Structures are given as C-alpha cells and as structure tokens.
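Residue numbers (this note's numbering), protein chains in the order written: chain A, 1 to 267; chain B, 1 to 361.
Everything labelled a hint here was simulated from the structure, so no lab data went into it. Relax, there's no trap hidden among the hints.
DEER-style ranges, computed between Cβ atoms:
| hint | chain 1 | residue 1 | chain 2 | residue 2 | range |
| --- | --- | --- | --- | --- | --- |
| 1 | B | Gly205 | A | Arg26 | 10 to 20 angstroms |
| 2 | A | Gly258 | B | Gly205 | 31 to 41 angstroms |
| 3 | B | Ser55 | A | Glu181 | 14 to 24 angstroms |
| 4 | A | Gly148 | B | Gly121 | 21 to 31 angstroms |
| 5 | A | Gln252 | B | Pro178 | 50 to 60 angstroms |
| 6 | B | Ala222 | A | Ser32 | 22 to 32 angstroms |
| 7 | A | Gly258 | B | Trp112 | 47 to 57 angstroms |
| 8 | A | Val177 | B | Trp112 | 32 to 42 angstroms |
| 9 | A | Leu165 | B | Asp122 | 32 to 42 angstroms |
| 10 | B | Arg312 | A | Leu165 | 50 to 60 angstroms |
| 11 | B | Glu230 | A | Ala204 | 51 to 61 angstroms |
Just so you have them, the derived chain A footprint on chain B, three or more residues with Cβ under 8 angstroms:
| hint | stretch |
| --- | --- |
| 12 | 60-66 |
| 13 | 69-80 |
| 14 | 87-93 |
| 15 | 197-206 |
Small disclaimer: the values here were computed from a predicted structure and weren't measured. Don't be surprised by glycine CBs; every beta carbon is placed ideally from N, CA and C.
Each chain, written out:
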Amino acid sequence: MSNRSTEPDRGQEVRIEGARQVASSRADLQVSEDHHLCPGCGHPVAWRILLEVIQELSLAQRAIGVVGHGCYTNIVRMADIDFLQCLHGRAPAVATGVKRVQPQAAVFTLQGDGDMASEGLAEVLHAAARAEKITAIMLNNGVFGDTGGQMTAASVVGQRTKTSLEGRSPELHGYPVPVAELVASLPGAAYVARSAVNTAGGVAQTKRYLKRAFETQTSGAGFSLVEVLTMCPTGWFVPTAAGPGYLSDSMQPTYPTGPLKDSLRPA
Amino acid sequence: MTAALLQGSRAIADSAIAAGCRFFAGYPMLPFTDLLEAMSAKMPEVGGTCINADSEIEAVNMALGAGAAGARAATGSCGQGIALMQEAIAEAALNEVPMVVFNMARGQQDYWQATRGGGWGDYRTLTLAPKDVAEAVVHTQLLFHLADTYRAPVCLYGDYLVAHTHMSVDVAPIDFGPLPDKSWALDGTAGGTGHARQIWTWAMGRDDAPGPGPDVHWRRLAQKFATMGEAEARHESYRCGDAEWVVVSFGTAGPFIDYVVEELRADGQRVGSFRPVTLWPFPEAALLEAAGRARGVLVYEVNAGQMIDDVRLALRGQVPATFIGGVSIDSSGMRQGDLLTVAAIRSRVLDAIGVGAGERR
Ligand SMILES: Cc1ncc(C[n+]2csc(CCOP(=O)(O)OP(=O)(O)O)c2C)c(N)n1
Ligand code: SF4
Ligand SMILES: [Mg+2]
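Can you build the whole structure from these sequences, using the hints too?
Take a look at the structure:
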C-alpha cells in the first residue's frame with residue numbers, strides 16, 4: 001500500500017536500498033508480508049489499518065476476530081491475534097456468543113458485502129438491535145470476490161458482474177442494500193460509519209472510524225459497525241490500477257462515506 | 001440426595017446449570033419452548049447468559065461462539081428448527097467446538113435427522129435418547145462432559161414426554177471424572193505473542209505457524225469419530241438372555257416395551273427388550289450379543305421405520321428384523337397418537353411372533 005498516510009505509522013521500518021527508500025508496510029501484528037490476495041485488492045489495506053488500530057489501542061491481548069467467508073478470510077493466515085473462522089454470514093451471532101462469555105475481550109467481526117449484506121443480513125441487524133458490545137466490520141467491494149465476481153446484495157445499479165452481465169438492473173435485480181444506513185437506524189447501534197480505502201485520505205478516515213468503533217465497544221456504549229469500501233479489480237473486471245478510480249466513480253455515489261452515528265460524541 | 005418433583009424441561013435446565021452450563025440460546029418451538037423458558041428464568045441466578053435468539057440459525061451460532069470462547073454452552077430446538085441448525089452443528093464438529101444441542105423432538109420422527117444429520121462433511125453427533133425425565137437429568141450432565149472430552153457437539157434426543165412429564169428427580173452435580181484442559185479456547189490474551197489461537201475448519205494455520213490443513217485435520221477427525229463410535233455406545237437390555245424375540249425401541253417408547261415384555265413373560269412368551277441409549281454410536285455389538293440367538297428382532301419406533309436401518313446393520317443378516325412401529329401422531333403434532341399404548345404394542349408383538357388371536361390371553 002501507499003505510505004502517504006496522514007497518521008503516524010507504528011512499527012514501520014524504513015531502509016535504503018540503493019537510491020530507493022523502501023518502507024515496510026507490515027503492521028506489528030502481521031506475521032508475513034504475503035497477503036495471498038490479488039494485486040490491487042483493497043482488503044489488505046483495510047487489514048493493515050485494522051491491525052494498527054488494535055495495536056495502538058493496546059487491544060492486541062484482548063482482541064478476538066470472528067471472520068466470515070470471503071477473500072478477507074485470509075487475514076487469519078497473516079495476523080497474530082485470536083481468530084474464529086465461522087460460517088458464511090453468521091459472524092455477528094458467533095461474536096455475540098464469544099463476547100457474552102469473554103466480556104473483557106475486544107470482539108470484532110470481519111465480513112464482506114456478500115457475507116453481511118447477502119447471506120447474513122439478519123444476523124448483523126439483530127446483533128445491532130440487541131446492542132451487542134461488538135464491532136462489526138464489513139469490507140464492501142460490491143461483489144462476491146472469492147467466488148469469482150457475481151452480484152451481491154450490495155452491487156450497485158449498473159454494475160456488471162458474472163450474474164448481471166448487462167449491469168445490475170433495478171427491474172431485473174432490484175436495488176443495493178445500504179447496510180450502514182440500515183444499522184444506523186437501529187437504537188442499539190451506538191457507532192456507525194462508512195469509509196473507503198482508495199485514497200490516502202480514505203485510509204486515514206478508515207483508521208479514525210475503526211478506532212472510534214473499538215472505543216465504542218470498550219466503553220460499553222453498544223454495537224459499532226464500520227463499512228469499508230474496498231477495491232476488487234478482479235471482480236470488477238478492471239485493470240489493477242483502475243481500482244481506486246472505479247471505486248470513487250461507481251461505488252461512492254451509492255455509498256457516501258462519513259460517520260452516520262456516534263453516540264460517544266458529547267451532545 | 002434431595003429429590004424434587006419437576007417438569008422434564010425444568011429438570012433438564014437445572015441439570016444443565018448443575019453441569020456448569022453458562023450460555024444458552026434458543027428460539028421458541030414446542031416442545032423445546034419450555035426448556036428455553038426455564039433457562040431464561042434460571043441463568044441470571046447463576047450469572048449465566050440466556051438469549052432468546054431471533055432464529056435457530058442465530059441461536060446455534062451463538063452457542064458455537066460461546067463454546068469456542070471456553071464456556072459450557074448449549075442450544076436446542078425441534079424438527080424444522082434443528083434442520084436450520086445442521087450447518088452449524090456440522091461446523092462445530094469440524095472445527096471442534098464443544099456444545100450441547102437439546103433436540104426436544106415432537107416424537108420419534110427425527111431419528112434420521114439426529115443420527116445422520118444434515119450438515120456437510122465427515123462428522124458424527126453423539127446422541128443420547130433418555131427414556132424418561134430421570135434419565136434425561138443424568139444424560140444432560142453426561143453430554144456436557146462428553147462434549148468437553150471429545151471437543152465436539154453432542155445431542156440429547158428428547159421428546160414431548162420428556163419435556164412435559166413431571167417426575168421426582170435429583171439434579172445434584174454428577175462427577176464424571178477429569179477432563180482435558182481448554183487451553184485451545186479463545187480469550188484474546190495470546191494476541192501479539194506469536195501464539196495466538198485459531199479455530200478454523202480448514203486448519204490452515206498462520207504463515208509463520210502453518211496448520212495441518214484440511215486433509216490431515218479431517219483425517220484426524222474421522223479417527224476421533226471412529227474412537228467415539230468404539231468407546232461411547234450405550235444400551236439397556238431387559239430379559240434378552242433367553243429371549244426368542246427381542247423388541248428394539250428407543251427413547252420414551254422403551255418403558256412401554258419393557259411393560260409389554262413383562263406382561264408377555266407372565267404369559268409364557270420368551271420376549272426381551274433392547275434399547276439403544278446412544279442413537280449414535282448405535283450399540284451394534286451389544287445388540288448382536290443380545291439378539292444374535294433369537295428367532296427374530298421386532299423394531300418398534302413411532303415413525304415410518306428409521307432406526308430399523310441401524311438394527312439391520314447391527315444384526316448383519318444373522319437375525320431377521322421386522323418392523324412393528326408406524327406413523328402415529330395426534331392433531332397437536334405432539335402426542336404419539338394411538339400407537340404408543342401397551343395394548344397396541346402388545347397386539348403388534350403377538351401378531352409378529354405368530355401368536356394367533358385364539359391363543360392370546
Ligand atoms: C453457506 C455458504 N454459501 C456460499 C459460500 C461460498 N462463498 C464463499 S466466499 C463467498 C463470497 C463472499 O463474498 P464477500 O463476503 O463479498 O467477500 P469477498 O470475497 O468479496 O471479499 C461465497 C458466496 C459459502 N462459503 N458458504
Ligand atoms: S477477487 Fe477481489 S476481493 Fe478477492 S483477492 Fe482478488 S481483488 Fe481482492
Ligand atoms: Mg465482496
């Protein structure tokens with residue numbers, strides 16, 4: 001990833017190789033550089049921010065990640081925190097069980113749009129409604145990346161996927177589900193925000209939001225959710241370098257970024 | 001010993017709590033509902049959690065999460081609700097999370113569902129089928145012990161009679177002996193130490209500490225289930241020693257069969273009763289031992305004929321097995337209809353063993 005974050009990077013080594021300055025993009029809790037995902041994928045950017053936030057909030061020895069099924073599942077292979085890899089869509093229910101018996105832990109889910117908006121919408125809405133003290137993270141790339149680029153409940157109108165070859169049509173396929181807005185409408189949700197990782201500013205924003213979400217959890221205020229828009233050049237069928245631009249042009253009009261709800265903020 | 005007259009569901013709830021169950025989640029469905037209500041009343045008293053979940057899918061996944069985090073966790077349902085839970089029951093078997101599933105079935109129509117399961121993969125679910133409330137109390141505690149012993153989801157096959165009958169029972173904790181530690185359970189404390197824990201059906205591990213991967217992991221699980229199959233079969237037999245005819249039944253039908261056997265013995269008929277206490281593992285060796293020299297085996301179950309498959313597998317063709325049960329249910333969907341009566345069973349047994357109407361007493 002780019003090294004132009006506006007936030008200080010912890011644990012970053014900079015070394016000089018000939019005339020080039022090379023910065024390691026490895027977060028402290030990361031055990032290898034190899035992320036197993038496609039070049040240009042946005043998920044590893046989000047993972048790194050997540051791991052930095054956990055480290056900076058001193059939650060490394062309290063964190064339990066409950067991970068759904070998608071390309072992001074690979075975080076389990078490269079991060080040194082407790083993980084439970086669970087069934088597709090069910091992470092908020094599983095995380096509820098974890099949190100209720102380990103209330104001191106910082107319990108988060110890591111899910112995709114297919115996982116959360118398609119397969120597991122009921123689970124995330126009910127966890128939010130119950131005000132479970134967990135943090136749900138949805139990496140929204142608007143497509144089933146892992147299965148090769150089919151339409152999810154979050155694919156935007158006009159988006160071409162393998163199951164909407166002419167583009168998502170409201171007539172044929174209906175409209176995308178805005179998970180952050182739905183969750184924000186529930187009284188049990190204490191903190192809800194949407195960010196994107198396609199720009200340096202977006203990376204900094206994502207980090208602020210994730211911090212706030214974990215602080216919401218540790219303060220006991222209630223349920224928190226951050227929807228992070230991530231690039232999937234493979235599933236969008238665009239060149240790697242076109243990913244960030246595609247995200248802002250085609251996804252962000254449907255999914256505006258910014259905080260939607262913050263109960264921690266003094267009135 | 002202090003006995004109390006308790007409704008079955010309440011007795012099971014008390015027994016689960018006595019066994020250390022501190023997490024329960026469920027979604028209402030008769031005849032499971034009473035257990036959910038009893039748990040929600042009792043759990044707060046011991047500092048535990050009972051969640052009235054918003055679906056069976058949520059409930060079982062919550063229990064899986066609580067089990068993965070080290071608690072003695074349970075869930076339950078009936079029929080269609082258990083069907084919805086199968087995905088997660090299989091997952092718990094494959095990622096080795098202990099939990100107890102109280103399958104408070106309506107009657108006996110869910111034998112296949114309990115013993116074959118509807119999840120994916122090479123897994124088995126140990127299932128105890130109590131004959132009455134007192135046995136259900138013991139089974140409940142034994143199940144938590146077995147779940148922890150084998151790191152596996154295990155089930156109770158109860159029914160309307162177990163859930164709703166009142167019986168005088170003692171629900172004191174039962175000591176089943178030492179258990180392996182739970183150092184595998186997730187509490188978050190190992191992060192950043194290089195030794196963080198993982199629970200993952202695929203068992204891939206981390207790049208710096210690779211796991212065995214699914215091939216090795218699932219072979220080991222297959223071995224584990226084979227070991228359970230060898231070690232955990234349980235049964236009860238009654239007057240089978242010299243029996244010419246052995247009647248096989250399970251769960252709450254067992255005491256009816258025993259009663260009929262007693263009556264027929266008094267009439268000079270050499271009949272015996274055999275009851276698998278574990279539906280899986282099915283007590284194959286014990287059945288062959290009990291019925292191997294009999295003229296025939298009669299299978300009584302209140303369904304269209306499900307357990308008879310396991311009976312025939314156990315008998316290996318050495319003794320013929322005849323089905324004498326059948327579908328029988330009342331309009332409430334709960335009671336066992338006309339077939340679960342001593343008179344009906346007695347007449348079916350006599351028909352099957354060829355005692356004509358004129359020779360009957
Ligand atoms: C019950 C079930 N249905 C389908 C799948 C197949 N599956 C695996 S990953 C995946 C797509 C996940 O999409 P998303 O959550 O958006 O993640 P992405 O790969 O896009 O990051 C699907 C459908 C599954 N694992 N389980
Ligand atoms: S398919 Fe998409 S989400 Fe999956 S690794 Fe490739 S770019 Fe990332
Ligand atoms: Mg996706």
